[in-house]
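Peer 1: So the protein sequences, as listed, match chains P and Y. In terms of our numbering, the first sequence opens at residue 1 and continues consecutively. In terms of our numbering, the second sequence opens at residue 1 and continues consecutively.
Derived by calculation from the structure, the hints in this document are not laboratory data. There may be inaccurate statements among the hints.
Capping the alpha-carbon separation at 30 Å, the derived lysine-lysine pairs in BS3-like fashion look like this [unchecked claim]:
#, chain 1, residue 1, chain 2, residue 2
1, Y, K143, P, K301
2, Y, K43, Y, K86
3, Y, K111, P, K248
4, P, K302, Y, K143
5, Y, K36, Y, K163
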Amino acid sequence: MNIYEQIAHNRRMTWLVVSLFVIFFLFIGAMFDMLYTGIPFFSVIALLTAGFSSFMSYRYGDKMVLASCGAHPLDLDDPAQRQWQNVVEEMSIAAGLPVPATFIIDEEDPNAFATGRGPGHSSIAVTRGLLARLNREEQQAVAGHEMSHIMNYDIRLMLIISSLVGAVALISDWANRSLFRSRRRSSSGSDSSYSIIILAIWLITAVLAPFVSRVLAMLVSRAREYLADASGARITRNPLALASALEKIEMAVKPTTSGNHGHAHLWIVDPRGSNMGMRQGRVADLFATHPPIELRIAALKKMAYEPSG
Amino acid sequence: MIGWIILALLVAAGLWLAGAYNHLVALKNEVLNGWKQIDVQLKRRYDLIPNLVETVKGIMKFEQDTFTRVIEARNKAVSVQGIADKAVQENILSGALRQLFALVENYPQLKSNENVARLQEELVSTENRIGFARQFYNDIATKFNIAIQSFPSNLIAGMFNFKTAELFEVSDEAQKQAPKVDLNLK
Numbered sequence: 001m002n003i004y005e006q007i008a009h010n011r012r013m014t015w016l017v018v019s020l021f022v023i024f025f026l027f028i029g030a031m032f033d034m035l036y037t038g039i040p041f042f043s044v045i046a047l048l049t050a051g052f053s054s055f056m057s058y059r060y061g062d063k064m065v066l067a068s069c070g071a072h073p074l075d076l077d078d079p080a081q082r083q084w085q086n087v088v089e090e091m092s093i094a095a096g097l098p099v100p101a102t103f104i105i106d107e108e109d110p111n112a113f114a115t116g117r118g119p120g121h122s123s124i125a126v127t128r129g130l131l132a133r134l135n136r137e138e139q140q141a142v143a144g145h146e147m148s149h150i151m152n153y154d155i156r157l158m159l160i161i162s163s164l165v166g167a168v169a170l171i172s173d174w175a176n177r178s179l180f181r182s183r184r185r186s187s188s189g190s191d192s193s194y195s196i197i198i199l200a201i202w203l204i205t206a207v208l209a210p211f212v213s214r215v216l217a218m219l220v221s222r223a224r225e226y227l228a229d230a231s232g233a234r235i236t237r238n239p240l241a242l243a244s245a246l247e248k249i250e251m252a253v254k255p256t257t258s259g260n261h262g263h264a265h266l267w268i269v270d271p272r273g274s275n276m277g278m279r280q281g282r283v284a285d286l287f288a289t290h291p292p293i294e295l296r297i298a299a300l301k302k303m304a305y306e307p308s309g
Numbered sequence: 001m002i003g004w005i006i007l008a009l010l011v012a013a014g015l016w017l018a019g020a021y022n023h024l025v026a027l028k029n030e031v032l033n034g035w036k037q038i039d040v041q042l043k044r045r046y047d048l049i050p051n052l053v054e055t056v057k058g059i060m061k062f063e064q065d066t067f068t069r070v071i072e073a074r075n076k077a078v079s080v081q082g083i084a085d086k087a088v089q090e091n092i093l094s095g096a097l098r099q100l101f102a103l104v105e106n107y108p109q110l111k112s113n114e115n116v117a118r119l120q121e122e123l124v125s126t127e128n129r130i131g132f133a134r135q136f137y138n139d140i141a142t143k144f145n146i147a148i149q150s151f152p153s154n155l156i157a158g159m160f161n162f163k164t165a166e167l168f169e170v171s172d173e174a175q176k177q178a179p180k181v182d183l184n185l186k
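Input sequences plus hints: build the corresponding full structure.
Peer 2: Right, here's the structure in full:
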């Protein structure tokens with residue numbers, strides 16, 4: 001897959017995810033309409049809600065993700081952060097893209113992610129620990145990796161997925177609560193059809209949604225990490241630096257605590273602890289959002305000893 | 001009937017011609033823009049060098065030769081015209097700067113000086129930016145060259161007199177050594 005196919009693929013997938021989301025809402029709305037109103041009242045509301053939240057996550061999702069990680073703008077008087085800003089600017093020159101906004105997260109565990117709508121509306125966040133542990137070349141490699149996520153529009157797809165999945169989780173919570181509240185008072189049986197709908201929504205969202213979201217996140221992010229590694233290495237022309245950066249990140253044992261909410265797939269290395277990347281068993285493989293780090297490192301090392309193509 | 005077919009073919013050929021021509025023009029502008037980006041970074045370097053020299057001059061009293069060489073190389077690089085000559089002068093300047101960086105290593109007071117460290121980081125970054133801007137230019141120029149040399153777009157390139165873009169050939173050692181300087185500094 002070349003970069004243009006990758007971009008086209010990402011745009012298509014983004015539309016697909018948004019459509020699925022809207023259809024899901026429409027389905028819930030239509031269920032209420034069939035039982036209560038007979039006119040498409042709830043359907044329209046559901047449609048508007050779905051459209052509105054899709055638009056909001058497209059427009060402001062990156063800010064929400066950054067805020068939920070406690071990311072704040074760089075302090076350019078600090079030498080380490082000044083250097084990181086420079087590294088990011090260097091990489092955007094190398095990739096021929098506008099400079100993304102840069103953020104820092106006060107955390108010891110080395111990790112990084114990019115988010116946004118695409119080139120021109122993108123941000124890169126990095127933890128303090130990454131700046132402390134990685135040398136300049138390795139930082140370049142990480143920035144190059146993130147830059148290729150931006151270039152490929154990976155960030156847009158990932159952003160939409162994580163915020164819409166978040167919205168589904170909210171509905172699931174709501175259904176969960178109303179279900180237990182109505183159970184307590186529904187001895188009369190008058191609103192049993194209501195309970196059935198809530199139960200159906202709850203079943204769909206609570207049982208299916210987490211599974212679907214995991215599968216989606218996994219589908220979109222695993223092959224992508226290899227691709228971003230490869231095109232990141234192409235930007236820096238230095239695959240070995242990325243390999244050693246990944247090695248260093250992997251060696252840090254602590255999980256990235258700010259990366260624990262639904263956006264694990266955004267980060268360069270799975271923030272839920274390095275053990276995840278090491279297990280290569282069938283089941284771990286099936287549900288991991290990232291490919292095992294050793295395989296990524298091996299692929300990069302192989303790249304370094306091959307004539308560039 | 002034949003007339004219609006010929007007309008259709010002519011229209012198709014015209015559309016293709018316009019499309020291919022526009023594609024070449026777009027590529028050419030990207031190449032020109034890539035070239036300008038290199039200039040932006042070179043300018044950044046010209047502006048930083050006098051600052052650095054001013055800051056370290058007081059302490060590095062015995063390195064007058066190196067300073068002169070850096071400043072001379074800088075002034076020459078600013079004034080010289082022509083792509084090839086400019087590339088040569090820029091390489092000489094890079095070499096002189098590397099030498100200066102290596103000498104700074106001998107002065108512990110300088111290494112611990114915040115201002116010097118900051119300027120040095122800016123210069124290291126500028127060297128990298130120049131390198132990456134050239135790399136990007138070369139990539140895009142190669143794309144342009146392939147487009148104007150391969151069939152059938154070479155016909156259009158010939159018709160409208162598109163010329164192959166010149167590639168940067170910076171010696172490999174120069175490219176590879178620039179980032180290594182700062183590794184020792186960390």
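Peer 1: Hint by hint, work out which the structure violates, then give me just those numbers in ascending order.
Peer 2: none
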